[in-house]
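Participant: So the chains spell out like this:
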Amino acid sequence: MIHNGLEIRNLSVSLGGVRILDDISFSVAPGEIVALLGPSGCGKSTLLKAVTGLVSHQTGSIMFGSKDLAVVPVHKRQIGLMFQSHALFPHRNVEENLAFGLEMQGTTKTIIRCRIAELLELVGLCGFEKRKVETLSGGEAQRVALARSLAPHPKLLLLDEPYNSLDRSMRRHLTDEVRRILKSLKISAVHVTHDSDEASRMADRMLLMEKGQIVKQGTFQEIINNPKHAIVADLIGLETIWKPTLKMAEGSYSATTPWGERVIHEPITSAISLLLRPEKIRITPVGFPVVIENRALQAGEWVLTCRGKDNFTISVKADDEYEIGSRIYLTADPSDVEILLGSIPY
Amino acid sequence: MSYADRNWNKNHVENKSSESSIFTLVSIGVVGIFFSIFYFFPLGKLLRYGLSISTLLDVYGSAGIWKIIWFTFWQAALSTLLSLLLGTFIANTVTRLRFRGRSFLRVLSTIPFVLPTVVVSSSFISVNKMFRLDGTSFSLEASALGIIIAHAFFNTAIVVRTVGGWWSQLKDEPEHAARTLGSGPIKTFMYVTLPRLKPALLASASLTFLFSFTSFGVILLLGGLRKSTIETEIWRYATQRTDIKTAAALGIAQLLIVISMLLVNGNLRARHATNELGAIFRPHTEPLNARSHMYRIASGVFLIVSFFGLPLILLFERSIKTTAGYSLVYYKQIFTGNQSDRFKVFATKEAIWNSITWALIAMFVATVLGYFAANLMTNSSKRLSKTSDTLLLLPLGTSGVLIGFGILIALNTTPVDFRSKWWIVPLAQAMIGVGFVARIVATAIRGIDPQLKEAAKILGASKNQVWRTIDLPIVSRSLLAGAAFSFAIAIGEFGATAFLTRPQRPTIPTTIFNLLGRPGAETFGMAMALSVILAVATGLSIAILDRTGSVISRDT
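From first to last, the protein sequence lines are chains W and Y.
Using my numbering, the first residue of the first sequence is number 1, and each one after it goes up by one.
Using my numbering, the first residue of the second sequence is number 1001, and each one after it goes up by one.
I should point out that these hints are in silico values taken from the structure, not numbers from a laboratory.
Where hints are given, some of them may not hold.
[Stated by the list, open to error] Pairs of lysine-lysine residues, derived as DSS-like cross-links and limited to a Cα-Cα distance of at most 25 Å, are as follows:
1) Lys132(W) to Lys1198(Y)
2) Lys211(W) to Lys243(W)
3) Lys1421(Y) to Lys1349(Y)
4) Lys1187(Y) to Lys132(W)
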């Protein structure tokens, strides 16, 4: 199959004798934005470094535009990279930072000047040419970093948790903006993050990584509808996940829930977890008695953390404000309890 | 701690109570008196000797002097350039790359800085003999080449520590950014890394230039009669031709040049918070497995081992090589004394004894004074801390020869004739070491995070408890490091000692110099053996420094 985007097959990387990436395969279509979601230390950044060539891989292949990148040195790959810390050159001003990539290509001065003006307009920083890097705010620095990585017309942009140091509203704003810019320029991108909200805003598709492996990929909707793995559900922020106590009855397993038994028809080969989403639970006059331990506003709605018999802890949505410590009764249907593979560490 | 934090710490002024102002007064008194007697008075007197129009015209009217001044400049410039090249390359190897044995190589490349000049010169002489370079154009003896390489051998350590310390705190993300923006490895180094290293490069270059400019032992031993600098000329005029006026006039020029270089260095340090000596590496590097790294590690290791290791190994080899094969006979001669009259003049056992006791005295004096001086340098009054900082830089930059010479001509007129007393030697050695101790301790005091103290206070510690639990452990480690450093300097000190010690009271360095001045395999072998002993003594003290150093200058 001829593929014009990024195509990674069976990629493995070891650093200092430790295997960081293990048999990674995925592809990014031209113009597609893919989010790479995973806990810290799962190998996300190393994966980006391998694609840029800053880290070399042992096995597998990285193809870009049907060309094997293994023999192409970093500076000839035409892949842009944006860092967590904007990584602007401190000894150059904004203009000189933007010009760097073009200077390396040997572009003439007049063209460079036009391109800088164009880029600054694109990121909404007109008139910033002579500003020193240290006078920029966090958001401005990230915009300059974006403009700098776009300057030499990369075909693929990699973003390594670029908004970590920014506050929430700036983060959302920049995410929307960067997506708009990348889409308008038809640049493919891989966006690394550990924030599922950011991932869903930014990307067309998601890859979920855990311990150097890709555990799941698909659109956000597909993954939310069927996370399959407990770790995936946890990464995208689904609640409540817990480890069940299993019983064997009439040839099949069943898990005990406060609302009766959940029969498991699938064969069980390793650890499983259960998931019961907050919207599937109702607060009713009678039912499973719990005490409200804490509450949090999530996207304008109250989510209550409740504790019942046997320290069973569960989250539930509420349309009203409840006092912490008050007693309520919950009702749910055991068939709404989903079964996930594996377990989460806490 | 980031740079921003650290600068904030520096500007963070603490409230001092009246007890500490008494302590400040005592510090001013002690430091002031010592510096007046052993630095300002002698140098003032020296200036007066040289400051007459006729003398100055006489001295600077001759073409020979200008040739010497020119040589002093260009050998220092080339030495600096070579040190920068080697030092930057080595700093890259020992801070940016991860491999086994890295910390050993770091120590190996630091040791030369504290090695006595006579030892380094001796080891270069032994390299020269080993490879039979004498008479060729690569000869390391009586040649500018030998001098420049020997200076690089010393001063590369300054560059490694300064540039490496700075480099280890730089993240490599801008470099990675440059690479992904289409710049190759060499361009990335030129356009991104070098500009980022500039403050550290400038700081170490000015220090290296200063040390090469005022170098004494290396020029005297490797330059022979043909190559001399201002420094060795001062010594020659003062001791061999007893023309004090000419020597003093040369001393003035030397001092002026040194002071102007110190001002440049001071300006650099004020502008960029580089820390020259004690810097320790905690690299931020991530392991990258690019194949080119293997070549870089291999070439770096080869350079360090051959450049720093080889002369030292050869020095040892020469010290055990006799006409009848390898033996420890020279060491035996050093410790038992030799029956033959020819060697009686070299009181080697006494020299060792003198060197050790004097170095211990110098260490004690320098450490106590350095502690007081460090307190002045970190005083909350900005004027006091700035003044003492500059004044303490002076003896650091003044050569041992000038200090020794100044004391020689000045201190016989004081009520006590200091000059004829044996303890003038350790005091002069302490004068040279005190600047280093003060800097090391001051750096440690400045490095104490004020938030640590605030946290201790909030947790209920009284003022004394805060001092005992927070300040003392950090300061005492730096004092130990300073003591080790001043011991190493004192035991290998040659410039001032050569002026002040009497033939009947030799030290190890002066004895090595005298031994090398006599022809014969046996005197040469004994000189080499004594050099090994001296190298071991300084190596041991620097090992202590490095142990404590990793703690004291962690965040400096």
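Participant: If you draw a straight line from the CA of Lys132(W) to the CA of Lys1198(Y), is it 25 Å or shorter?
Facilitator: With a Cα-Cα distance of about 18 Å, the restraint between Lys132(W) and Lys1198(Y) holds, given a limit of 25 Å.
Participant: Starting from Lys1187(Y), check that the Cα of Lys132(W) is at most 25 Å away, please.
Facilitator: 22 Å, holds
Participant: Lys1421(Y) and Lys1349(Y) were given as a pair; does the straight-line alpha-carbon distance stay at or below 25 Å?
Facilitator: Holds, at roughly 21 Å.
Participant: Given the hinted pair Lys211(W) and Lys243(W), is their Cα-Cα distance within 25 Å?
Facilitator: 21 Å, holds
When held up to the earlier numbered hints, the structure conflicts with none and fits them all.
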